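Asker: Sequence:
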Amino acid sequence: MPTPPSMRSSTAHLLPPPSPLSVPTSTPLAAPSASPAEHHLKATTNSTNTPATTQPAPEPALPELRTYPATTDADRIAGLKLVADSVAQQRQLTARVLIFHPLHLAALTAVLAVVSQYLYASSGDLVLVGTTWGGVVMACLAAVRWAGGAYIFHAETIDWAWLGGDEVVVVRWGEEVIGGLVLGWSEEGLAAKRARGKGGRRGLGLVRGWAVTQKYRGKGIGGSLLEEAVRVAGERGAKGIEFAEEHANALRILPAFYNGFLDKRDARAARALEKVANAKGSFGKRR
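In this text, residue positions in the sequence shown follow full-length UniProt numbering: the first is 1, and each later residue adds one.
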């Protein structure tokens, strides 16, 4: 009797072994070798897709710093404006001295204490005391502002009429004038003027104004102005150079007791000019 199909054993084990030349299904087929032209195209494509190394942008050149005697009205005006601004800034210096002077602070504290003593009786008086304090402080600030106002009026006089025929030396940083110096000459008698007309020497060179833009102070700009002034004075045959007694910043509106900081500043400027004149001055030799 024949065996039913469902009971027949599998014949898979009776299949012949695979041929040694057959490729296993788990082994990937080898990729075909690329031609030299394909290699070239791939290299070109890769070089195109790879971003080129950019060269760093060159740093912008620094502006030129020049110190020279002004020859145009624009340079003269810029130099005069710096001198006028330095005069106006003395108002701020004066205000700082008046506000933070120890005696003034002590006096203000005493006044506020007296106000509190007379006005404060209960916590309900705090608003009155605070308002009165504010009024006292505002009155003091108004007095300080008024005390320094003369410097503003004096700064407004630094103009063409004040300059006269004197020279202006400027320092230019790129397109900006950052320093200015006004160089004048001492008054001479008639005999001295006649002698000078025959080849005699000028009198003293006088620095009537000297200023540098505030953000460039302390960087040697003022020294460059003094050096150029000494050079110009020497070329003009001057006997020497010094600060004029009535220079632009010589005005004092407060009692001498408060002017110590201004006097010290002028003394430092005079010493700086003397040092430059001794080191680089060539006076009395007209070229």
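Hints may contain errors.
Below, a list of computed lysine-lysine pairs in the DSS-like style, where the Cα atoms sit at most 27 Å apart [unchecked claim]:
id : residue 1 : residue 2
1  : K219      : K280
2  : K215      : K81
3  : K280      : K264
4  : K219      : K264
5  : K215      : K239
6  : K219      : K81
7  : K264      : K275
8  : K215      : K264
9  : K219      : K275
10 : K81       : K264
11 : K215      : K275
12 : K239      : K280
No wet-lab data here; the hints were simulated from the structure.
Note that the coordinates shown come from a computational prediction; the quantities given were computed from them, not determined experimentally.
Asker: Would you mind marking each hint as holding or not holding in the structure?
Answerer: Each hint, compared with the structure:
{"no.": "1", "hint": "K219 <-> K280", "in the structure": "holds (20 Å)"}
{"no.": "2", "hint": "K215 <-> K81", "in the structure": "holds (15 Å)"}
{"no.": "3", "hint": "K280 <-> K264", "in the structure": "holds (24 Å)"}
{"no.": "4", "hint": "K219 <-> K264", "in the structure": "holds (20 Å)"}
{"no.": "5", "hint": "K215 <-> K239", "in the structure": "violated (34 Å)"}
{"no.": "6", "hint": "K219 <-> K81", "in the structure": "holds (20 Å)"}
{"no.": "7", "hint": "K264 <-> K275", "in the structure": "holds (17 Å)"}
{"no.": "8", "hint": "K215 <-> K264", "in the structure": "holds (21 Å)"}
{"no.": "9", "hint": "K219 <-> K275", "in the structure": "holds (17 Å)"}
{"no.": "10", "hint": "K81 <-> K264", "in the structure": "holds (24 Å)"}
{"no.": "11", "hint": "K215 <-> K275", "in the structure": "holds (24 Å)"}
{"no.": "12", "hint": "K239 <-> K280", "in the structure": "holds (14 Å)"}
In summary, the one numbered hint that this structure violates is 5.
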